[in-house]
Every structure is written in structure tokens, then in C-alpha cells.
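One line per chain: the protein sequences are A and B, in this order.
The numbering of the first sequence is my numbering, which starts it at 1 and goes up by one.
The numbering of the second sequence is my numbering, which starts it at 1001 and goes up by one.
Keep in mind the hints are simulated off the structure, nothing from the lab.
Treat the hints with caution; some may be incorrect.
[What the hints assert, rightly or not] Simulated restraints on C-beta separations:
| hint | chain 1 | residue 1 | chain 2 | residue 2 | range |
| --- | --- | --- | --- | --- | --- |
| 1 | A | 543 | B | 1017 | 47 to 55 angstroms |
| 2 | B | 1060 | A | 547 | 46 to 54 angstroms |
| 3 | B | 1058 | A | 417 | 44 to 52 angstroms |
| 4 | A | 107 | B | 1017 | 41 to 49 angstroms |
| 5 | B | 1090 | A | 545 | 41 to 49 angstroms |
| 6 | A | 168 | B | 1017 | 26 to 34 angstroms |
Just so you know, even glycine gets a beta-carbon here, dropped at the ideal spot from N, CA and C.
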Amino acid sequence: MSELIRTCPRSGLVFHKTAETLIKVNAVTAVVFLAVGGLLGLLVVLTRWPAVHLLQADTFYQVLTAHGIILLLVWIIFFEIAILYFCSSTLLRSRLATPRLAWLAYALMLGGAAVTAVAILQGGSSVMMTSYVPMPAAPHFYLGLILFAVGALIGCFIFLGTLVVAKNERTYQGSIPLVTFGALTACIIAIFTIASGAIILIPTYLWSIGYISHIDPLMYRIIWWALGHSSQQINVSAHVAVWYAIAAIVFGARPMSERVSRTAFLLYILFLQLASAHHILVDPGVGTEWKIFNTSYAMYLAVLASMIHGLTIPGAIEVAQREKGLNNGLFEWLRKAPWGNPVFSGMFISLIGFGFLGGISGVVMGTEQINLIIHNTIYVPGHFHETVAVGTTLAFMALTYFLVPVLFRRELILPKLAQWQPYLFGIGTALMGLFMMGAGTMGVSRRHWDMAFTGAPFSFEYGGAAYMMMGLTGIFGLISVIGGISFIVVIVGSLLFGKRVEEKSEYTTARAPQLPMAPSGPSHANIGSAGFVAPGTFVLALVFLATFVVYYFLNWMYLSSVWPMN
Amino acid sequence: MSALMPPSQRVWSDQPVDRVEGTWIAIALVWCLFMFVMMPYWHVFGKQNYGGEAYRTTPAAYSAKVEAMVEAHTVRKETAQDIPVVRPPAGSDVYLAARLWSWYPALELVKGETYRLHISSLDWQHGFSLQPLNVNAQIVPGYEMVLTITPDSSGEFSIVCNEYCGLLHHTMLGKIYVVDR
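Okay, chain A solo, but in the shape it has when bound (with noise of 0.2 angstroms):
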């Protein structure tokens, strides 16, 4: 064992060279795909906004499946790699296992993701990101996706290997850490969301190809949705140990219990995939029960699981912050945190995007018989902005300003820009979501080049409400980009040009010292009000919930307006 470790001074993490070089090559590597994808966002905005509607309809398509390639499966599985490696590597104080094999990972990964880049490129694969057959695209469009699959599986299981590395050389105690519980549980979900993806692209690949005659298009959307839906709920995973994580970095937040949170994680294992049956809820040819039962997550248990993180995180920040003597009244933990601190201001925009605005719509949504008045409108990219782009990447972004100085070891130029930098994106992101749903509940379509149906045989119109909502979607979006372009210049700029930072960090060959088991906690004896010790978060949930109820049942008021049909 002489592999070249250092710690970092101001964090106390041990990064193992060979993983360190990797975690930093990997997310760099997303942060350019999410540049790069985010700038297809701005076109499709500029496209979607009645007044400017930018770009052709066939150069429209074909921008809007790559913005979708990259950002949905591009972007955040780089970053979900190198989160991995963290999680794995530097949590844990150990080697990675097989190097060389992650080195392979990422060059198919990237090698993947270029080949698709270059189907797209060529035109002849606007077909979205969810190809749905029997539209035909180019044969190496599958290809590419299959490739960056096997890398990303290829990164799974190094994951696995570095947790038996870690056990088997004991580099630390008692049970793995809950952020890296979290990660194994995004780990698990990936690598059934990519077997999925090979039952489903690799007989399409050979479809495109002619060696096989016929693919059923609705076992298509049932075995692709396995993929594109989990993918997501891989995110959700990661993002939700990003969250822990950051509570722990920012205020020193001890979870709650360990155990109800690792539970929820199990919840999430056994549950969430199931998430895929919403995109099937008004297709012809599958039964009421296997809908129901589906979609409701068996009875709403991976629901719940997220509803106890959304409590259990912010609640350890408060039961943190009153230990620090912020105990007074609801509210003084929240309003005396580092607002300004764009580390945490990052994560609890993203905790609270998600939660109110993705998790309440995707719930509603994903109810069968309110699918009918939601389905392909604009309503669905509606919910996952706030899911993906204001909860995954708002939360990535927040770790992101945390690695610089510890990873790359830079500070962050404009700091004022950083500090700036959480709110354009997180709130641009959330308003231009929630307009996207006020559209789409007047009947907006999504992936959908002109809302005037211009050339078509028949005329309609719709009304004004929808195009001013339409016209926000624009004027929100916009500011979303400034904030995603904000970043990209904080980061990019840090990692170029940002000072050195000045605690030195030397490497040795010294093995580091075995990880210890977290010191028990305080007794909450004293602090917090009425027996809880989180108020403010009890309250803030119960606002929560409250939300929910009413939007819940509104959706149910809005659908018995509707024609009567069985």
C-alpha cells in the first residue's frame, strides 16, 4: 500500500491521489456537458416563448433531444460518478478499487456520449430522448447510449469493490457513513436502471440495424420508462446524501436517527423504481390494478420515504443550530443560517424546490386518473425542472462550491457572484417550472414547436392565460440560464484561475489513520419547544402538507369538470 494520500486542512478528508484525480477529471468533465446543455436550454426557452420562437421547427427537435441527452443522462451521471468515488473513496479513507477499470469507465462513458452527440449532430436522430419506436433513429444514436451505459455500470460496481476494499482493510468502524449509505442506494437503483436500459437499446440498436424485424411499442415504454424514470430516482438518491452531506459540512448536523433515515433509503431501494408505471397511466393495453398498484410506489412508501428526508434534514440543521444557541421563538435557526453562503443557500433552495414544487406535482401527476388532465402537456418538463434541474443539480451545484477549495484545492473568484449565484438559478428554475405547469393545466403541449398550430388543416387558439404563462416560461427561463451561465463562470474561473489555496496539503505514503465511529450525541434535553426538538421544521412540514392537501384536491375538482368517460 503505497499509494499517495493527502488530508485536506480544512475539511479533514483523505483523498487517496488515484481516486482524487478521478472524482475531479469526472466532474469536470459534467460541469462542461452541463454548459454546454444548459446553452441548448437557453434555445429551446427562446424557442418556446411565443414572442421570440427562435430556431426552425427540424433544428428545434433536434436541439431539444440533445438538451434532454445531455443534461438528463450526460450531465449528472458524470457527476453522480465522481459522487460515488467520493462517497466511496474519500468517506471511507481507502483506495478505489481498479483504477485502470474507471479510467475505461470514463472513456466509454465519453465516448458514448460523443457518438450519440454526433447522431444528433447529423440531423437524422431528432427523436428525443426517449426514442420511442417506431420512429427510427440513426443506428449509432442507440449505440452511443449503450456505450455510456456500460461505463456508468463499469463505475457501479468500482463503487461496490472500493466499499469491499474499505471493509476487507478496515479503514474505518462500525457501519458505513449515511452519505455513503445514500450513495449506495443511488448505486443499487442505477444498476437496475441500466439493465433496464440494456433489455430495451440494445434490441432497438439491432432494430435500427435490420437484424431484428419488430419492436411492440408499448412494451417499448414500459422497459425504456424502467430506464428513464429510474434514472431519475437515481438522482434523487445522490441528491438526497448531497443533502445530508452538506448539513453535516455547513452546521455539523448529527442526523436525527440514523435509523428512520437509513430506512427511508431501504424504502427508496425497494420502491421508487416503480415511479416508471407514471408514463404509462393513459396507454391502452395495461390493467387498472398493475397502474394503480405501480404508481402509488405499492401505497406511496417511496412518497413517504422522501417526505421523512425533507423532514429529518432540515430538522437536523435546526436541532444543530439551537445546540449553537439559536433556540429562541420557530425560526431564529433558519433565519440566523449562512444565507450567504452559497454552499448551503444551494441545498436548502434545492430541498425546498424539490419538496413544495417537484415532489407535490410529480404526487399529483403520477395519480391515475389525474394523469388524464396532465399527460405530454408542458406540465411534465414542468415537474422535473423542479425535480432535476432545481433539486439534483441546484444540490450538485451546492457541493460543487464546497470541492473547489477542498478537491481543487482554488478559491472562488467572485464571490459575490457565487453568493448570487443559487438564487437566479434556483428560483429562475422553480418560477419557469411552475409556469410550465400553469401552461400545461390550460393545455400547453410539451416537445411541441408552435402552440399557434401553424399550416395545420383546422384552426385553434389558445387562450390568452396560456401564452402569458408561456411568456413567463420565457422571461423565468432566461434568468435560469443567467444563473446556470453565473456558474459556470464561478466555477470554470475558480478552477483556471482562482488563488491556490494556502493550507498546505502535502501527499505521503502513510496510511491514514482508521476512520473513527461518530462520539454520541448531547442529549436535546434543553433546547427546541412542546417535547420536540425541531419545531420550526415540524411547522414547516406541516405547511407542507397542507400545500399538498389542497393542490391534491383541486387536481381532483379540475378532472370531475371534465367529460364523464369510462
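Put chain B on the given structure of chain A with help from the hints.
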């Protein structure tokens, strides 16, 4: 930093549950079960359900049914493309085809009557989106979906395609007229 460290108790599942957490889990679980029950409840007592009625078909077989209905019940033709407007008898089976890039034919229904609306695609996947009512369904080739509908408002309704189906996707617009009895 304890979320980044092994838990202080070796067996994490022995840790007690905090009171805030316990109360919230109980409330959240009740709400989750309530939402679960709402779906079967609405199937029994609600009026807007898609019960899942569907049949396997082929583009040729489905096209034949559509043509037979158009032959029998066309009342007029509209637009420069002479799209037939079909007025099927109340209570009958109505066949609507989705294809690149049109909904065929246009329909004229009577308010308050019930129809068995069959929809299938003759080529790629399409999306049935009835506006301004905003009722949506996925249309998959090879599958014939049956929605039993009772229009309870009259006027002009448009069928937007809301599943991306290629370059002229945005021109795929159909009509359903609902007239008073």
C-alpha cells in the same frame, strides 16, 4: 460531521426514533394511504376514468374500420383537404385514426349521448389531447384504445397531437364538434 462518519451506535437499527420524526411519519403515512385509496375510490364513484379497455390491431385492420365508418356516416367535408366530418349514431363505436400528420376523420357528436371512441395510430406514436378540455391519452400503433365518452358540453373541440411525431407534428390538428340535441 457525523453524516460523513460511521454512526455512533454499531447497530444503527437500534437507535431510538425522535418524537418529531415519529409524529411526522405517522401523519405522512396516513396521507399516503389516503391518496392510495383515492384511485380505486374514483374508479367506483368518480366519472372520469380510463378503465384500460384496449385491443390489439394492425394499421390495415384499423384503417378498414375507420373507412367503413367514414363511408356510412359522413355528413360534409371541410378544409382545403376535404377532410370528412362524420356524424356517427349515438351509442355507436366511433373510430379515430392518428397518422403522420393528421387526425382522421373529423367527428360530430351530440351533447349528452355516449359514444365508444376507438383511437389507434397507423404509423408512429401520437398523443390525443382534446382542447380546450385538456383530456390526454397516449396513442400507440398496434393497440386500439377505447374511451367511452359522454360529451356534456357543446361547441368546437380540437385534437392536438401531444406526442412528438416528427417535423410537422405541430400541424397535426383534428376536430370534434359537439352539437346540441
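Hints and how they fare:
1. Between residue 543 of chain A and residue 1017 of chain B the beta carbon distance is about 23 angstroms. The supplied range of 47 to 55 angstroms is therefore violated.
2. Checking the proposed 46 to 54 angstroms range against residue 1060 of chain B and residue 547 of chain A shows it holds: the Cβ atoms sit about 51 angstroms from each other.
3. As the Cβ distance of residue 1058 of chain B to residue 417 of chain A is approximately 59 angstroms, the hint placing it in 44 to 52 angstroms is violated.
4. For the pair residue 107 of chain A and residue 1017 of chain B, the supplied restraint of 41 to 49 angstroms holds, since their beta-carbon distance comes to about 46 angstroms.
5. For residue 1090 of chain B and residue 545 of chain A, the hinted distance range of 41 to 49 angstroms is satisfied, since their beta carbons lie about 46 angstroms from each other.
6. At about 33 angstroms, the CB distance of residue 168 of chain A to residue 1017 of chain B agrees with the hint of 26 to 34 angstroms.
In summary, the numbered hints that this structure violates are 1, 3.
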